[in-house]
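*Asks:* Sequence:
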Amino acid sequence: MVRNSSSDFDPESAIIDAELLVKYRMVNRAIEALERAIDSAPRHFGLREKLREVLIDAGRRDQAAQRCLELASLYIQSGEMEKANERLLEAKRLDPRVSVTGQLRDVRRTDALPPSSQRILSGTLADVNLFDIMQIVENSRLTGALMISSTAANGEIYFNEGQIVGASAGPQAGAQSLALLLEAVDGTFEFDKSTVSYERTIQATSNTALILDMLRAKDERDHGMSVLDPF
1 MVRNSSSDFD PESAIIDAEL LVKYRMVNRA IEALERAIDS APRHFGLREK LREVLIDAGR
61 RDQAAQRCLE LASLYIQSGE MEKANERLLE AKRLDPRVSV TGQLRDVRRT DALPPSSQRI
121 LSGTLADVNL FDIMQIVENS RLTGALMISS TAANGEIYFN EGQIVGASAG PQAGAQSLAL
181 LLEAVDGTFE FDKSTVSYER TIQATSNTAL ILDMLRAKDE RDHGMSVLDP F
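Residue numbers (my numbering): 1 to 231.
These are computed hints drawn from the structure, not numbers from a lab.
All residues carry an ideal CB built from backbone N, CA and C; glycine is no exception.
Careful, some of the hints might be misleading.
[Claimed, not checked] DEER-style ranges, computed between Cβ atoms:
| # | residue 1 | residue 2 | range |
| --- | --- | --- | --- |
| 1 | Asp-127 | Asn-28 | 22 to 30 Å |
| 2 | Glu-220 | Tyr-24 | 54 to 62 Å |
| 3 | Ser-194 | Pro-42 | 30 to 38 Å |
The whole structure should be built from the sequences, with the hints applied where relevant.
*Replies:* Shown next as structure tokens:
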């Protein structure tokens, strides 16, 4: 049973109570019980993870996404960057409308870690759209390499303070490589932060303008129109 006094409150008992309520199809009561428990122990990961799980099972994706963002913030504060990354990506998958930019700025605060710990974002392209990832990098003004492994192409896109400055995919380089990588809709991605800027091999006023130009050129090629390569 969930106890009300702070002196005898037991988070683990609250989780067991919630599981029992869910078992007997009293999902609303389970959610309410977990929310009360979180008020008593706001930094307890188990309570928040259980509430997230119940909300997902109940089909309340938008509420679950918000709980994922809250969890990500707590994981960032505790230094568990991998778990924070998982919850940020899950929030975006559950509700594409949510913004993860603020939390990603906090994930950036890994400068005190060894260079090998600078991977701050990873996942699958089936869960997060490549263009959403690029927007996160741009909004957070990150410098680094976005590594993509997909059936369309394997390669890297380079950013200086959030702006695309180069790309490579096999023997190709520059804008041609970027065009190949933009076709990736499956596979995996990883973003490694860098303290060193990359040489600019792609010229563009903005990421959006660059991507739109490439998509227009691709669309025209797909429809058999003869166009000049703008790059």
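*Asks:* Evaluate each hint against the coordinates.
*Replies:* Results for each hint:
no., hint, verdict
1, Asp-127 / Asn-28: 22 to 30 Å, "holds (29 Å)"
2, Glu-220 / Tyr-24: 54 to 62 Å, "holds (59 Å)"
3, Ser-194 / Pro-42: 30 to 38 Å, "holds (36 Å)"
Violated hints are absent here; each numbered hint is respected by the structure.
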